[in-house]
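Participant: Read off the chains here:
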Amino acid sequence: MAADKNMNVLIVDDYKTMLRIIRNLLKQIDFNNVEEATDGSDALAKLKAGNFGLVISDWNMVPMSGLELLQEVRQDARLKSLPFIMVTAESKTENVVAAKQAGVSNYIVKPFNAETLREKIEKVLAHA
Amino acid sequence: MLEPAQLPQRLAQLEARYPASDPGMVADVVRAVLGSMRGDLSANDTALLSEVEELAQTLAAARAEIAALQPDDINDSHIPSATDELDAIVAHTAVATDIILECCEKLDELGPTLTGAAGQTVQDVTTRIYEACSFQDITGQRITKVVATLKAIETKVAHIIGVFSRDQKGGLPVLAVEPMGPAAHAPASLMNGPQLPAAAMGQSDIDALLASFD
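So the protein lines, in turn, are chains A and B.
Under the numbering used here, the letters of the first sequence match residues 1 to 128, in that order.
Under the numbering used here, the letters of the second sequence match residues 1 to 214, in that order.
I should point out that these hints are in silico values taken from the structure, not numbers from a laboratory.
Heads up, some of the hints might be wrong.
Claimed, not checked - Facing chain B, according to a computed beta carbon distance under 10 Å, are these residues of chain A, among others:
hint : residue
1    : THR17
2    : ASN32
3    : ALA49
4    : GLY50
5    : ASN51
6    : PHE52
7    : TRP59
8    : SER91
9    : LYS92
10   : LYS100
11   : ASN113
12   : GLU122
13   : ALA126
Unchecked claim - Listed next, the in silico PhoX-like pairs over lysine-lysine satisfying Cα-Cα at most 20 Å (straight line):
hint : chain 1 : residue 1 : chain 2 : residue 2
14   : A       : LYS92     : A       : LYS27
15   : B       : LYS145    : A       : LYS92
16   : A       : LYS16     : B       : LYS151
17   : A       : LYS16     : A       : LYS100
18   : A       : LYS100    : A       : LYS123
19   : A       : LYS48     : A       : LYS27
20   : A       : LYS27     : A       : LYS5
21   : B       : LYS156    : A       : LYS27
22   : A       : LYS5      : A       : LYS16
23   : A       : LYS110    : A       : LYS92
24   : A       : LYS46     : A       : LYS92
25   : B       : LYS156    : A       : LYS110
Just so it is clear, CB atoms sit at the ideal spot from N, CA and C, and this is done for glycine as well.
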């Protein structure tokens, strides 16, 4: 199934430059409806208030990390099935396992390229 | 402490204060005590005392050497200077990255106006630039780890200075040292930051690990 490129995508990172990079890369692969959040709690508020089809989140943020955001999302009745991609420099096995156990849809390690981003988004949305 | 030369005078004073006592008995007691002390101060005890004295001298020498090294400079000047320099690197590269991204975005706007393969070429090139600009995030996180290490060193140096700065009354230094080591920097959320390339898992390793759960 082809991804609905008009869906709202929430990107979460405490580093504004990274948000800008991901937004531009998403634009390159035709995802133009992108909103930004700067940490997990900001993202959770936006997710609860809005209608998003995909979350792309960093891990290493304060006060609420990407893992904590993922756990909150999976515990929320309305959001629990929301596709969630972790994009992070955390590349230890324990991180990947913890994210998987928390219900992550896919996991991209930084630095990454546009092709990896496109491939993971398509894979995740195909299983949504 | 009573010097040996003062002993006869002290004994005379005691005899005057306690005239009923037998000086011979006192002398016997003193002899017994001294004999006992000689017995206690065996060769081993003397060696131990000697070692304790050497240890005290070593500590005093170490204290003098550390003082000569001016360790306060490490915390007062060197480490703050190093962390400031690292912060400046992050700030400068962030500014440069934002300028690069801004230029890239302008090129992207031009893309649709170009004819033929030129438009696609511009998009391919800007995509590569966006990808490359993520270096700023990774280097920023690595520098943050280095700054954390410097701060840990700063704390350890403060601890050492505290230990070797005991006051003249011999009181123990008051230390406000944060616990250090991996446990202190490993919160429950598992935030480790980027790994060195040789030790890090690549995307294909992560894909394989995720697939193993299916």
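Participant: LYS16/A and LYS100/A were given as a pair; does the straight-line alpha-carbon distance stay at or below 20 Å?
Facilitator: Outside the cut-off at roughly 26 Å; violated.
Participant: So if I understand the rule, the pair passes when the alpha-carbon distance is 20 Å or less; does LYS92/A with LYS27/A pass?
Facilitator: It is violated: about 30 Å lies between the C-alpha atoms, which goes past 20 Å.
Participant: For the pair supplied as a hint, LYS5/A and LYS16/A, confirm whether the alpha-carbon distance does not exceed 20 Å.
Facilitator: Violated - the C-alpha atoms of LYS16/A and LYS5/A are around 23 Å apart, more than 20 Å.
Participant: Given the hint that LYS48/A pairs with LYS27/A, test it: the Cα-Cα distance must not exceed 20 Å.
Facilitator: violated, 24 Å
Participant: Holds or violated: is the Cβ of ALA126/A closer than 10 Å to a Cβ in chain B?
Facilitator: violated, 14 Å
Participant: Next pair to validate is LYS100/A with LYS123/A; report whether the Cα-Cα distance is within 20 Å.
Facilitator: Judged against 20 Å, a Cα distance of about 16 Å means the pair holds.
Participant: Keeping to a limit of 20 Å between CA atoms, is the pair of LYS27/A and LYS5/A held or broken?
Facilitator: holds, 10 Å
Participant: Could you check if TRP59/A really has its C-beta closer than 10 Å to a C-beta on chain B?
Facilitator: holds, 7 Å
Participant: Below or equal to 20 Å on CA atoms is what counts here, so check LYS16/A against LYS151/B.
Facilitator: It is violated: about 26 Å lies between the C-alpha atoms, which goes past 20 Å.
Participant: Per the CB criterion, is LYS92/A less than 10 Å away from chain B?
Facilitator: holds, 6 Å
Participant: Can you confirm whether the C-alpha distance between LYS145/B and LYS92/A stays at or below 20 Å?
Facilitator: holds, 16 Å
Participant: With chain B as the partner, please determine if GLY50/A meets the hint condition of a C-beta pair closer than 10 Å.
Facilitator: violated, 25 Å
Violation of the numbered hints given earlier is confined to hints 2, 3, 4, 5, 6, 12, 13, 14, 16, 17, 19, 21, 22, 24, 25; the remaining hints are satisfied by the structure.
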